[in-house]
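Read in order, the letters of the sequence shown correspond to residues 105 to 265 in the numbering used here.
No lab work stands behind these hints, which were simulated from the structure alone. The structure displayed is predicted, hence computed values, not measured ones. Please note that a few of the clues may not be correct.
What the hints assert, rightly or not - Derived lysine-lysine pairs resembling DSSO-like cross-links, with alpha carbons at most 27 Å apart:
| no. | residue 1 | residue 2 |
| --- | --- | --- |
| 1 | K153 | K206 |
| 2 | K110 | K224 |
| 3 | K213 | K224 |
| 4 | K153 | K110 |
| 5 | K206 | K150 |
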Amino acid sequence: LDYLEKIEERFDLVDVRLHQNLFEASRAGASYDLRNIFTDSLVELKPDKAVTFVDNHDTQRGQALESTVQEWFKPAAYALILLREQGLPCVFYGDYYGISGKYAQQDFKEVLDRLLAIRKDLAYGEQTDYFDDANCIGWVRSGAENQSPIAVLISNDQENS
Numbered sequence: 105l106d107y108l109e110k111i112e113e114r115f116d117l118v119d120v121r122l123h124q125n126l127f128e129a130s131r132a133g134a135s136y137d138l139r140n141i142f143t144d145s146l147v148e149l150k151p152d153k154a155v156t157f158v159d160n161h162d163t164q165r166g167q168a169l170e171s172t173v174q175e176w177f178k179p180a181a182y183a184l185i186l187l188r189e190q191g192l193p194c195v196f197y198g199d200y201y202g203i204s205g206k207y208a209q210q211d212f213k214e215v216l217d218r219l220l221a222i223r224k225d226l227a228y229g230e231q232t233d234y235f236d237d238a239n240c241i242g243w244v245r246s247g248a249e250n251q252s253p254i255a256v257l258i259s260n261d262q263e264n265s
């Protein structure tokens, strides 16, 4: 936040803290309290200045800042950045198309296409959060005029899935 003040908030910044929270949640599984997923993140503190991301070229496997969100959690992580009111989401090329080679990773094109379509067509209107359970959080977007609202649930516990 100090940096944003020094540059008089002229630029948006990547939300590294949110990425770290997503990474930690993916590693901890059901022991991670999802109510804290946005704690200390830029999107929580300065939502209009936050570029949100799940992974990028620096955080993928084999890179100096390796902190790759585990595959099982990526659909939930992308829902957290694509379907919410706050933040400017960025989809990583490697997540969309996959990664080949020594540090191969499956693609998430099908899931991301669905989430992107939901964002484009339905993720509008006021947002009401329901962060009432450590392992199951959600929110509702009220929709725009002549649109249905949407509800999103995220769980990191098989019992809630």
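Quick rundown of the hints versus the structure:
| no. | hint | verdict |
| --- | --- | --- |
| 1 | K153 x K206 | violated, 35 Å |
| 2 | K110 x K224 | violated, 34 Å |
| 3 | K213 x K224 | holds, 16 Å |
| 4 | K153 x K110 | holds, 14 Å |
| 5 | K206 x K150 | violated, 37 Å |
Consistency note: the structure conflicts with the earlier hints numbered 1, 2 and 5.
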